[in-house]
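Participant: When we follow the numbering used here, the leftmost residue of the sequence shown carries the number 1, and every step to the right adds one.
Because the hints were derived from the structure by calculation, they are not lab data. Please note: incorrect hints may appear among the correct ones.
Claimed, not checked - Between beta-carbon pairs, the in silico distance windows are:
(1) 52 to 9: 31 to 37 Å
(2) 53 to 82: 32 to 38 Å
(3) 222 to 106: 23 to 29 Å
(4) 162 to 82: 32 to 38 Å
(5) 222 to 244: 18 to 24 Å
(6) 196 to 174: 20 to 26 Å
(7) 158 to 24: 36 to 42 Å
(8) 71 to 233: 32 to 38 Å
(9) 167 to 224: 37 to 43 Å
(10) 114 to 67: 19 to 25 Å
(11) 52 to 143: 21 to 27 Å
(12) 210 to 24: 16 to 22 Å
By construction, the Cβ of each residue, glycine as well, lies at the ideal position given by its N, Cα and C atoms.
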Amino acid sequence: MKVLTGTPPQLARWAADRVLHRLRTRSLSVLGVATGSSPLPVYRALAASGEPALASLRVFALDEYVGLPHHHPQSYHCVVDREVTRPLGLDPARVHVPDGAADDLDAAAAEYEHLIAASGGIDLQVLGIGANGHVGFNEPFSSLRSRTRVETLTARTRRDNARFFGGDLQQVPTSCLTQGLGTILDADEVVLIATGAAKAHAVAQMVEGPLSSACPASVLQLHPRATVLLDDRAAAQLTRRDDHEQAGAATGPPRNP
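From just these sequences and the hints, can you work out the full model?
Facilitator: Set out below in structure tokens:
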């Protein structure tokens, strides 16, 4: 696991440059996107790049709430359309979000796994991390080999997400469809972005703690091509900060495609 620190704009620029580098070297055709607050500046940086090849991407979102209609402004169908599909000029038919409004959720989860596999798999997965260590909506004690499935949201996650629903906890769904940890590990490369002091404990557990389902994000310790991008507040509880690089000094194509 490679850790880079920097300001939020530097982190967004690094992640966007990584996507663009892989796109221009033809090693990226399928992009996985996360919808939390930390990754959103990455999509804005990509949109600002004006790169026409972005339109060729196929995109898979990590998760979706169960029970929200697709047109609800906080459904991830809407969020991905608003923050990714339209700004990047993507073909909506090539952008996929789990169907949390399906009558048969288990079938919808299986179909999502099939779609990812049929696409050839995800080349680069953008991730955020929850304050309790979740990635996607894989809550603590999820199986480290889990696949796309229905997951019950913890009280902590629902409280954290209430801000998107006008602060009304009763409006926050109680379950979701999410890619599993095993699905995420199948991606060829993962880039996780965390900003803010609220993420510091989870980040320390992910990077320096033991591999444990208690911190689902720690599964990224197993990934051979995982990069973690942190601002100073998110990195505050790391004990080996001298070992980490600065994102602002690691511009350009930082790895082989």
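Participant: Hint by hint, where does the structure go against what was stated? Just the numbers, ascending.
Facilitator: Hints 1, 2, 4, 11, 12 contradicted; others consistent.
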